[in-house]
Amino acid sequence: MELLDSYLRAVRRYLPRSQRDDIVAELRDELHQQIDTRQEELGRPLRDTEEMKLLKDYGDPMTVARRYRQNDRSLTIGWELIGPELFPMYLIILGLNLSLALGFTVLIFLYLRQPLGLWVLFRTGLIQVLVVTLTFTILNLIRRKYPQPWYYPPAELATMIPIAPWCSISGICIWSVFSLWWTLVPVYPNLLFGSAANSLALAPAWHRFFWPILLLLAAGIAQRSVNLARPKWSSLLPISRLVINAVALGLQYPMIKSFPYVLVAGAAPDAAHAKQIADAFNGTILWGVLSWMWIYHLISVAIYAWYSAPHLRRWLQRRHQAIRMTQEINGVL
Amino acid sequence: MRHTVYLVHYMSNGTQNGAEVFENLRLELRRGCLTLAVLTQLRTERYGYTLRKALADDGLEIDEGTLYPLLRRLESQGLLVSQWREEDKRNKRFYRLSEMGTTVLQQLLYEWGRINSSLERILQEA
Chain A
1 MELLDSYLRA VRRYLPRSQR DDIVAELRDE LHQQIDTRQE ELGRPLRDTE EMKLLKDYGD
61 PMTVARRYRQ NDRSLTIGWE LIGPELFPMY LIILGLNLSL ALGFTVLIFL YLRQPLGLWV
121 LFRTGLIQVL VVTLTFTILN LIRRKYPQPW YYPPAELATM IPIAPWCSIS GICIWSVFSL
181 WWTLVPVYPN LLFGSAANSL ALAPAWHRFF WPILLLLAAG IAQRSVNLAR PKWSSLLPIS
241 RLVINAVALG LQYPMIKSFP YVLVAGAAPD AAHAKQIADA FNGTILWGVL SWMWIYHLIS
301 VAIYAWYSAP HLRRWLQRRH QAIRMTQEIN GVL
Chain B
1 MRHTVYLVHY MSNGTQNGAE VFENLRLELR RGCLTLAVLT QLRTERYGYT LRKALADDGL
61 EIDEGTLYPL LRRLESQGLL VSQWREEDKR NKRFYRLSEM GTTVLQQLLY EWGRINSSLE
121 RILQEA
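Protein chains in written order, with the working numbering: chain A, 1 to 333; chain B, 1 to 126.
This is chain A alone, in the form it adopts within the complex (with noise of 0.2 Å):
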């Protein structure tokens, strides 16, 4: 019942929330009853696809959602802008806008001491209310034409998933492009430093860091290739990113300790000038890169550790059914 567990969970999310336990509560009894009456049809338990087929025809988490909030509040100006499921998540976000949009425009003015007036704050406020009426108006349209795959959050059904051949295939042309510029940095220069490149040297801890990045570039790009030749591998996708972003996230501290990057060249010929660069170098390699990679990495371990976890669960589970067939066997024999 994970998969029936997972749908209801995305359907709650777009109820109305005084109605969310009853609606969900009744919808989980029709959908056992239909499993039920299709597995006696059957006279088998229901394989995963089939149970993903029936959640399917019950309707995208949103559609069947919307059902229960035909009364709701919408905008809607001669044709639906945003519809009664978006409506009271966009209510929240545009109070939160409004809300940190002007209290910082007035914290920034008390701050520079400047008058001000009404019209700063109407102008503010205005772009927020625009800004997020044209966000939620582009997202309702784009559900209305896209239904939402109601598989999102898709941790619980990663392992039916096939990696999409557009997704392999982006990857690697991505990573592959950095990876030969990654190569080819140290041979010459002038693909990170341009016009400055007789001016400038890498340090030290470019080439310390280099062939560690370069393998995690290199392991980035296989999983991608096993993928686009076996789609159905879909277990080495979290797995393997989890490892490389781990590995990534454990080099970051010894990365930002071996500050600077980006060395004078003892030839250079303004050395003035070439500090100065240089230290526009290693400022935006440490504050512009290096200071919020290790945010992403450790989101990404997050991410990744949550999607590896229903594979490692069935692995669990196929191993313990293994072991208990091999003891019923031996029974027998």
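It is possible that some hints are incorrect.
Selected chain B positions facing chain A (Cβ under 10 Å, derived; list incomplete) [said to hold, decoys possible]:
| id | residue |
| --- | --- |
| 1 | C33 |
| 2 | E45 |
| 3 | R46 |
| 4 | G48 |
| 5 | Y49 |
| 6 | R72 |
| 7 | R90 |
| 8 | R121 |
Hints in this document: simulated from the structure, not taken from any laboratory. Ideal Cβ positions, reconstructed from N, Cα and C, are used throughout, including at glycine.
Given chain A, put chain B in place with the hints provided.
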């Protein structure tokens, strides 16, 4: 040549609109009938699945996505009462007509009969 293109375009649009209009009118007609059918069936207590089966057995197919929100609306209007109870080791929500629902159903059935006989007379005249 240009005239032909316009004509074909007009005809294809006209046909599509006709189908759409019919579908909208059919749904409108069905909506009222479904409410009446559901209220009539719920003179006996039932839960969603058995109600849907009973309606389908009588030739009135209704999908779950329509039935459950309809049941909720009727309940919020005070025409139905519901109760959660365990049956076959599962919690089910049983619906039945409320007192007010019984009165409204009688009025609706009377109205239905009146419309039906008027319509039959009109059709015979036609």
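These are the hints, each one checked on the structure:
Evaluation of the C33(B) hint against chain A yields a violated restraint, the C-beta minimum of about 18 Å exceeding 10 Å. About 15 Å separates the beta-carbon of E45(B) from the nearest beta-carbon of chain A, more than 10 Å, and the hint is not met. The restraint placing R46(B) at the interface with chain A is violated, with a minimum CB-CB distance near 13 Å, outside the 10 Å limit. At a threshold of 10 Å, the smallest CB-CB gap from G48(B) to chain A is about 6 Å, leaving the interface hint in force.
Because the smallest distance between the Cβ of Y49(B) and any Cβ of chain A comes to about 4 Å, under 10 Å, the interface hint for this residue holds. The beta carbon of R72(B) comes within 7 Å of a beta carbon in chain A, closer than 10 Å, and the hint placing it at the interface holds. The interface hint given for R90(B) is met, as the beta carbon of that residue sits about 6 Å from the closest beta carbon of chain A, less than 10 Å. Interface hint status for R121(B): violated, as the beta-carbon distance to the closest one in chain A is roughly 35 Å, over 10 Å.
Against the hints set out earlier in the document, violations occur for numbers 1, 2, 3, 8.
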